Amino acid sequence: MKNRTDRVKSFMQYLTLFIGAAIMFLPFFWMINSSFKTEKELLSFQSFFPKQLLIDNFRQAWEMGDFPRYFGNSVFVTVVCVALTMFVTILAAYGFSKLKFPGRDLIFTVLVSMMMIPYEMLMLTNYETIRHMHLFGKIWSLIVPFTSSIFYTYILRNFFLSVPDSLYQSARIDGASDWQYLWEIMVPMAKPSLVTIALLDAITCWNSFMWTMLMSSGNRNIRTLPFGLTAFTSEAGVHYNLWMAGATIVVIPMIVLFLFCRKSIITGVSRGGLKG
Amino acid sequence: MNKKTKRYNGGRDPDEKFEASMIGKIALFLGPFMLGIVIFTIYPFINAFLMSFKENFSILRNTFSGWGLANYRKVLNDPIFLSGLKTTIKYVVIVVPISLIISIVIAVLLNNTRRFKAILQTAYFMPLVTSTAAISLVFRFIFANEGGLINKIITTLGQTQINFLGTNRWSEFVLYIFGIWNILPFTIILLLAGLQNIDPQYYTAAKVDGAKTLDIFTNITVPLLSPTIALVAIVNSISAFKVFDYVFQLYNKPGPGYNLYTIIYYIYEKFGGTKPQYGYAAAASIVLFFIIAVFTLLQRVLQKKTNY
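Here the protein sequences line up with chains A and B, keeping their order.
One point on numbering: in my numbering, the residue at position 249 of the first sequence is 270, and numbering is uninterrupted.
One point on numbering: in my numbering, the residue at position 216 of the second sequence is 308, and numbering is uninterrupted.
The following block holds chain A by itself, in its conformation from the complex (with noise of 0.2 angstroms):
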């Protein structure tokens, strides 16, 4: 009796997980479905899965909405923005945590609350400042705004303060720098850390949507995919079966980086960065 009750309250559960997931889902699902569909199939319903894998939607919307273009500026922009947001955090994590120096707590604190700055408040500013540093319509104008993160080097930071000082001792000992400390043994140590951080950052550059459409405002040959996918909607006019293949253009490449980093992208996620 009690083994039968349980039974079907684990049925219920599962079966509302799995209405739920596939509500959340459903709109993945239905994006790449109708990417491979003709606009006629899509208008008229006549069948659910499309009848054969059309790529020319692919094909079409890769040419007639500059994607090669949008997609090499997103892997550009991601890289490099990935690769010097690490850099300047490791070092700054490293002098926030080990160096010591009057006010160093104070300071971090500091920083710590102005995390609470809305983005959009420093836009205003941060507009002119490109146009002062010539940067403006420029690429390097998607980077170098977003170099310095309080919340990465505080993630990081505070691994590093986990870190005995002793080990610090030995190695001064040993007659290493505090460089050749940091990188040959803090920043190998802190591997799970630092891969949480790469992962949050990559799909932060990637995804990121208002900045780039100010930036690109004097250029669009500096667009990165999601606005540039937003642009090829007014400028290719309304046609499903395109902007299906183009979402899923843009969409792929991260849902494959979930895939394979799912753990480390949710403890990341969990830890606080990433909303909305």
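Just so you know, these hints were derived from the structure itself, not from any lab.
Treat each hint with caution, since some may be false.
[Stated by the list, open to error] Covered by chain A, according to a simulated footprint, are these stretches of chain B (three or more residues, beta-carbon under 8 angstroms):
(1) 202–212
(2) 218–225
(3) 231–237
(4) 278–292
(5) 384–390
[Stated by the list, open to error] Pulled a few chain B residues facing chain A out of the computed Cβ check, cut under 8 angstroms:
(6) Met143
(7) Lys244
(8) Asp337
(9) Gln341
(10) Ala374
The model shown is predicted, which means the values in this text are computed figures rather than measured ones.
Ideal Cβ positions, reconstructed from N, Cα and C, are used throughout, including at glycine.
Fit chain B to the known structure of chain A by using the hints.
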């Protein structure tokens, strides 16, 4: 001065040698980071305050007529800003609680599963990594009049189709659905982390007492999870106050009838539009900053209280 005293009483202090080169080291390790922070965070933060008090400020000529509260007076009396404030608050009040309730149920159920974990996690958490610009197109397609999945279902059931994207009321509805769908993964993950902090002893004790599943949920899980719930509510409210992308991506304008102005949309139009008015944009952004500051303070207090 500090240096000197140390040198004399330090003896063979290993710190002594690198005291001298300390400034160089600080510059090396913290220089790149601080450079970025000063130029792109601290300076613009201060400048936003300054700009908001400059009257008749022209960014091109870099001139202004004087200091004062004119920008604030203008913004706080601007019906578009006020409607933006209203739209934003309504968005927060609807999206945050609904997504929380759904997330609590899903998180509790997910926490008890042993099988299908990879599949379920993939389905629930995928929106974390996918560009909202791309998925907004899928939503536009699903809710479309012609060829839209939802309207196809509605007409098949014999009802008249709904103009989801073209009417004020329904365009709001689509925005909420999109907002909830996007925020669910983050919310579920934080709640799952909170659930894992609950001492399993409570559950064992309840089972011994023969408590029913629903009683366990309402009398044990929810109360013990409440600090996390409060925390997530605040974090989500902060991000919901900054809603802009979703509106822009769904409609390419502030809603079909200019009914979905949000605070950020207002800021964006005041400085990125054709006739930039930086003073107004700055004043509006300061208002946003103070709203967010209140929520952040609440969050700090809660975090201290719960040691989360």
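Against the structure, the hints come out as follows:
Here the segment 202–212 of chain B counts 8 residues with a CB under 8 angstroms from a CB of chain A, which clears the bar of 3, and the coverage holds. Here's how the segment 218–225 of chain B fares: 8 of its residues keep a CB closer than 8 angstroms to some CB of chain A, so the rule of at least three is met and the hint holds. Three residues within the 8 angstroms Cβ limit are the bar, and the segment 231–237 of chain B against chain A gives 5, so the coverage statement holds. Under a criterion of three residues with beta carbons nearer than 8 angstroms to beta carbons of chain A, the stated coverage of the segment 278–292 of chain B is upheld, 5 such residues being counted.
Requiring three or more residues with a Cβ within less than 8 angstroms of a Cβ of chain A, the coverage given for the segment 384–390 of chain B holds, as 3 such residues are present. Look at Met143 of chain B: its Cβ gets to within about 7 angstroms of chain A, closer than 8 angstroms, so that hint holds up. Interface hint at Lys244 of chain B: satisfied, since its Cβ lies 6 angstroms from the closest Cβ of chain A, which is below the 8 angstroms cut-off. Of the supplied interface hints, the one on Asp337 of chain B holds, with its beta-carbon coming within about 5 angstroms of a beta-carbon of chain A, less than 8 angstroms.
Here the hint on Gln341 of chain B is kept, as its CB sits about 6 angstroms from the closest CB of chain A, short of 8 angstroms. At its closest, the beta carbon of Ala374 of chain B sits 6 angstroms from a beta carbon of chain A; the interface hint therefore holds under the 8 angstroms criterion.
In this structure, every one of the numbered hints holds.
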